[in-house]
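Protein chains in written order, with numbering that gives the first Met the number 0: chain H, 0 to 412; chain V, 0 to 396.
No wet-lab data here; the hints were simulated from the structure.
Among these hints, one or two may not hold up.
Claimed, not checked - So the derived list for chain V, only partly shown, Cβ under 7 angstroms to chain H, looks like this: (1) Arg136; (2) Pro144; (3) Ala152; (4) Asp381.
We treat Cβ as the ideally placed atom computed from N, Cα and C, and that holds for glycine.
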Amino acid sequence: MSEPLPGPKRKNPLARTQQPLLPPAIRSRAAHGLTLAAAEGRFAIQRCAACNSFAYPPRDACPHCLSDRLPFVEAPSSGVLAALTTIQVSGDSYFRERMPWRTGIVTMDCGPQVIAHVHGDCIEGEPVRLSLQLDRSGHAVMFANPVSRTPDMQDDLQWREMAADPRDRRILISDGRNPVGQALARSLVRAGARTVFVGVADRWKPFPAEQSLRELAGVEIVPLEMTDERSVADLAADIGAKVDILVNTADHIRPGHIFDGATTLHMADAMNATLFGTMRLARAFAPVMIARGADGHHGAAAWVNILSVYALANLPAMGSLSVSHAACLSLSHWLRTELAQGGVKLLNAFAGPLDTEWFQALPPPKLAPAVLADAVVDGLRRGIEEVYVGDVANDITARLAANPKALEREIGQ
Amino acid sequence: MDANRVLKGKRQSYDGIVAAVPVTVPYQRYSIESGHWWIGRALKALAEGAGLSHRDFDGFAVASFSIAPDTAIGLTQHFGLSPRWLDYIPMGGVSGVLSLRRAARAVQAGDADIVACVAGDTNHVDTFRRTLSNFSRFSQDAVYPYGAGGPNASFALIARRYMKQFGARREDFGKLCVAQRDNALRNPNALMKKPLTLEQYLSARPIADPIHLFDCVMPCAGAEAFLVMRDETAKSLGLPSARILSTIERHHAFPDDEIQLRGGWAVDVDELYHIAGISPNDVDVVQTYDDYPVISMMQFEDLGFCKKGEGPDFVRNHTFTIDGDFPHNTSGGQLSVGQAGAAGGHLGIVECMRQVMKLAGPTQVEGARIGLASGFGMINYDRGLSSGAVIFAGGGG
Chain H
0 MSEPLPGPKR KNPLARTQQP LLPPAIRSRA AHGLTLAAAE GRFAIQRCAA
50 CNSFAYPPRD ACPHCLSDRL PFVEAPSSGV LAALTTIQVS GDSYFRERMP
100 WRTGIVTMDC GPQVIAHVHG DCIEGEPVRL SLQLDRSGHA VMFANPVSRT
150 PDMQDDLQWR EMAADPRDRR ILISDGRNPV GQALARSLVR AGARTVFVGV
200 ADRWKPFPAE QSLRELAGVE IVPLEMTDER SVADLAADIG AKVDILVNTA
250 DHIRPGHIFD GATTLHMADA MNATLFGTMR LARAFAPVMI ARGADGHHGA
300 AAWVNILSVY ALANLPAMGS LSVSHAACLS LSHWLRTELA QGGVKLLNAF
350 AGPLDTEWFQ ALPPPKLAPA VLADAVVDGL RRGIEEVYVG DVANDITARL
400 AANPKALERE IGQ
Chain V
0 MDANRVLKGK RQSYDGIVAA VPVTVPYQRY SIESGHWWIG RALKALAEGA
50 GLSHRDFDGF AVASFSIAPD TAIGLTQHFG LSPRWLDYIP MGGVSGVLSL
100 RRAARAVQAG DADIVACVAG DTNHVDTFRR TLSNFSRFSQ DAVYPYGAGG
150 PNASFALIAR RYMKQFGARR EDFGKLCVAQ RDNALRNPNA LMKKPLTLEQ
200 YLSARPIADP IHLFDCVMPC AGAEAFLVMR DETAKSLGLP SARILSTIER
250 HHAFPDDEIQ LRGGWAVDVD ELYHIAGISP NDVDVVQTYD DYPVISMMQF
300 EDLGFCKKGE GPDFVRNHTF TIDGDFPHNT SGGQLSVGQA GAAGGHLGIV
350 ECMRQVMKLA GPTQVEGARI GLASGFGMIN YDRGLSSGAV IFAGGGG
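The shape of chain H in the complex, shown without the other chains (with noise of 0.2 angstroms):
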């Protein structure tokens, strides 16, 4: 069983900051194909679309036929865990500062032979079943987990490194006036997070929620104006150490057609309060997330946007805020790339319509700002980057897969 994680300590200022080391991070080509599957929280491996044999650790050719047709495709995830051991020593820094550490071998139900991170809550010679996480590095790894679930087995140490779980953490969101932000900060306090900052602009005006926010239990109104690289650097230096999680929800939606005059300021302004509201929060923020990236069990540990689905295919009727959301997108992945370096993730958060004034033109289905909070909250226990949410998101990533000229030419109409 689990040992239940103590909350953090007060942090000792003498004592070392443990660095953020990674795991081994090389992987072939191949091997991203299980990368791709663990960043959506899929589970899949090779199978050879020829002989129907399914293959472990990834490769280039069919060891049954030769065939060189080998998609990822869903697997069954069941398994035994055929052999366990605890290695005590290692000759990786990063495993090195974290030993001990179970691995072993899972035969999976459908063939292959895993060799897997295992959940302390596993029994040698017991089913398992088998998930996809990325790792601190980044990288996917297969990851056995008990059947069913067990009391705290998300604190389990080795589970906690493949997580952002937002238990006993202290998390940022840019927004408090933005629906979206009130309902991640009761999501994220029903998660069990310890702080709740919610940034608020203009403080002095008021807004309908905010009493209900300040209701509750853990949730810390805070000043921050996107807008304002001031703003965002003086809310970095009170709060800045302290964040473990940061949830972007920077938008800006103004209806209008491309011809419009106003548009292009709309546009201006768009870009003004997302691509360079989310830099300048990168700026003030992440390098302090990278360096506290292992910084104890409850250390820095994701970024989060909250992004529309048009980012991925611009809808005409919300034209200018698919753009400045398919360039938050892009510089994401930028950021991601900086972030991996202390181990932080960056998930994104996809979202058709919302139910909120700003889409009211668009007919449903629309998609409730708490149903994405709660998408948010439990992508980050899962430690996944890309989480669709609601119906309409998953239409467009859909029909994007099946024939962007399609969804192009019908999106219009």
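Following the hints, position chain V against chain H.
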């Protein structure tokens, strides 16, 4: 089965082919020299031992993990060799047997007259870790990121299953380790100089359960080498030699075994003894590849000294010291001499040659006429892929 359509050839004997001039360049725990330096020392010792110039070696087989970016080709210029037959066998613990087999056939066919088989590796302070971190593609993708326990962790899983399946106990592995340490105390080249008791073995610190400290070899720098030639060449040079009676290799045997409980020897063992014209009972001295004692135990079974699963009892019922009833790893083996990279696969061969040639000095087994040495190696993913063995008889040259 399509396999039945393939005509099976008859394996030819190794009649008339011998191995001579067993060479060990004494090991060092750490060396600031390069892999090239160690191979160079071995070549020099081979030339001196044969009473020839190294330029007279017209065949050269080299095994090493530490000569990058060179391969065997670069070494010919480095050492001033001009061979007409060349092989590069960076295949770990089985490279000794592979070198010997290839060299023997080359000499038999007249492609070369004298093949120098050399394995040498250096061990800088960080060499072992670097070797581990880019050992194989499967290892890089699917083993090393899982705790980076190296071979200790991989063999821990194998040992654990073997113990569970066949009732082996740590005491049984300890008996082998303790006997090898006894043997090593007679070998001036062994790095381990202190006696080892079973109590010390059992109370050693855990590395990766059930592997504890004394189950592990110590990485070091060193080189091993020998020459392969025709019997008449050895005689004309006045060199004592060991006759090659038989030798086998096998790679990736039993792919469907869940966890490795046997090696490729089990496929070829009957042919091994048949070609040699002997039975396991005729073997006087055995050098197994001992990266871990569980692998030695597995080999007692797979090489026909007992049945599968009887390894633990075999160990309980025999003694393995130089004067024991089953003299085994008489030099001390890798567990007590050290593992000099790819030379670990040549250590047993060179010691076995010395035994049947009666040149083993302080580790000599009395009356050793026939010896068996084995190789095992390359834990590419979850199991050691390669196995090999050679049987030598004295009285050559």
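Hints, one by one, checked against the model:
1. Arg136: Nearest chain H Cβ about 5 angstroms off; hint holds.
2. Pro144: Interface hint status for V/Pro144: holds (5 angstroms vs cutoff 7 angstroms).
3. Ala152: holds, 5 angstroms
4. Asp381: holds, 5 angstroms
Of the numbered hints given earlier, the model fails none.
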